[in-house]
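For the record, in the sequence shown the residue sitting at position 47 is 57 according to this note's numbering, with numbers rising by one throughout.
I should point out that these hints are in silico values taken from the structure, not numbers from a laboratory. Heads up, a few of these hints could be off.
Unchecked claim - Below, simulated BS3-like cross-link-like pairs (lysine-lysine); rule was C-alpha separation at most 30 Å, straight line:
no., residue 1, residue 2
1, Lys104, Lys88
2, Lys42, Lys124
3, Lys23, Lys128
4, Lys110, Lys128
5, Lys42, Lys104
6, Lys42, Lys60
7, Lys60, Lys23
8, Lys60, Lys95
9, Lys23, Lys110
10, Lys124, Lys95
11, Lys124, Lys110
12, Lys60, Lys88
13, Lys110, Lys42
14, Lys88, Lys124
15, Lys95, Lys128
16, Lys88, Lys110
17, Lys88, Lys23
18, Lys128, Lys104
19, Lys60, Lys104
20, Lys42, Lys88
21, Lys42, Lys23
22, Lys60, Lys110
23, Lys23, Lys95
24, Lys124, Lys104
25, Lys88, Lys128
26, Lys128, Lys60
27, Lys95, Lys42
28, Lys23, Lys104
29, Lys110, Lys95
Bear in mind the structure is a predicted one, so any value in this text is a computation, not a measurement.
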Amino acid sequence: MSNEVPAGGAGIKVLVIDDSNTIRRSAEIFLKQGGHDVLLAEDGFDALSKVNDHDPDLIFCDILMPRLDGYQTCAIIKRNARFAKVPVIMLSSKDGLFDKARGRMVGSEDYLTKPFTKDQLLQAVAQHRRAA
11 MSNEVPAGGA GIKVLVIDDS NTIRRSAEIF LKQGGHDVLL AEDGFDALSK
61 VNDHDPDLIF CDILMPRLDG YQTCAIIKRN ARFAKVPVIM LSSKDGLFDK
111 ARGRMVGSED YLTKPFTKDQ LLQAVAQHRR AA
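Based on the sequences and whatever the hints tell you, model everything.
Structure below.
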């Protein structure tokens, strides 16, 4: 892993939570190409320990996961005062109004529909890192 920083400013630490290995790998490739440090978690429980240990700057969280779904994971992260200001962007294969509203209710900042492109992912990072 190189620590090179792109000309656009310092990369940030991004956690990607998704039970799909394919989604995790493509998000990791896209984010690293954008100059960011990437942490991966395959479910909500895995994610909670990584959030605590690594203090990410931004989190992408899948909605449909076994054991602890994305809404529950986001709600737990947001209830912790230390991480309440960390932007969480929900990931879903459905582009539903209900999903977006429910994501906002648990504290997520945005919603990205899968499959996403490199541009969509990096644009979401750029947009929410400014807000952070």
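Hint by hint, here is what the structure shows:
With a CA separation close to 23 Å, the supplied pair Lys104 and Lys88 stays within the 30 Å bound. The straight-line distance between the Cα atoms of Lys42 and Lys124 is roughly 19 Å, inside the 30 Å bound, and the hint therefore holds. Our distance criterion of 30 Å between C-alpha atoms is met by Lys23 and Lys128, whose separation comes to about 17 Å. Proximity of Lys110 to Lys128 is assessed by CA-CA distance (about 21 Å); at most 30 Å being required, the pair is judged to hold.
Taking the CA atoms of Lys42 and Lys104, the gap is about 26 Å. The hint holds against a cut of 30 Å. Pair hint Lys42 plus Lys60 holds up; C-alpha atoms about 18 Å apart against a cutoff of 30 Å. Proposed proximity of Lys60 and Lys23 is supported: the alpha carbons are some 12 Å apart, at most 30 Å. Under the criterion of a C-alpha separation no larger than 30 Å, the hint pairing Lys60 with Lys95 is consistent with the structure, at around 16 Å.
For the suggested pair Lys23 and Lys110, the alpha carbons sit about 24 Å apart, so the restraint of at most 30 Å is met. Taken as a hint, the Lys124 and Lys95 pair is honoured in the structure, with Cα atoms around 24 Å apart against an allowance of 30 Å. Restraint check for Lys124 and Lys110: the C-alpha separation of about 13 Å stays at or below 30 Å, so the hint holds. Distance restraint check for Lys60 and Lys88: the Cα-Cα separation of roughly 14 Å lies within the 30 Å cut-off, and the hinted pair is therefore satisfied.
The hinted pair formed by Lys110 and Lys42 meets the criterion: a straight-line CA distance of about 27 Å does not exceed 30 Å. A threshold of 30 Å between alpha carbons decides the hint, and for Lys88 with Lys124 the separation of about 23 Å falls inside it, so the pair holds. For the given pair, Lys95 sits about 25 Å from Lys128 by alpha-carbon distance, which is consistent with the 30 Å threshold. With a CA separation close to 16 Å, the supplied pair Lys88 and Lys110 stays within the 30 Å bound.
Restraint check for Lys88 and Lys23: the C-alpha separation of about 17 Å stays at or below 30 Å, so the hint holds. Distance hint between Lys128 and Lys104 is fulfilled; the C-alpha atoms sit about 19 Å from each other, no more than 30 Å. About 26 Å separates the Cα atoms of Lys60 and Lys104, which keeps this hinted pair within 30 Å; it holds. With a CA separation close to 26 Å, the supplied pair Lys42 and Lys88 stays within the 30 Å bound.
Only pairs whose Cα atoms come within 30 Å are accepted, and Lys42 paired with Lys23 is accepted, the gap being roughly 10 Å. Annotation: proposed proximity of Lys60 to Lys110 holds, straight-line Cα distance about 25 Å (limit 30 Å). As the CA atoms of Lys23 and Lys95 are separated by approximately 14 Å, the hinted pair is consistent with the 30 Å bound. For the suggested pair Lys124 and Lys104, the alpha carbons sit about 8 Å apart, so the restraint of at most 30 Å is met.
The hinted pair formed by Lys88 and Lys128 meets the criterion: a straight-line CA distance of about 26 Å does not exceed 30 Å. Proximity of Lys128 to Lys60 is assessed by CA-CA distance (about 24 Å); at most 30 Å being required, the pair is judged to hold. Distance hint between Lys95 and Lys42 is fulfilled; the C-alpha atoms sit about 23 Å from each other, no more than 30 Å. Using a Cα cut-off of 30 Å, the hinted pair Lys23 and Lys104 holds, with the two alpha carbons roughly 26 Å apart.
For the suggested pair Lys110 and Lys95, the alpha carbons sit about 19 Å apart, so the restraint of at most 30 Å is met.
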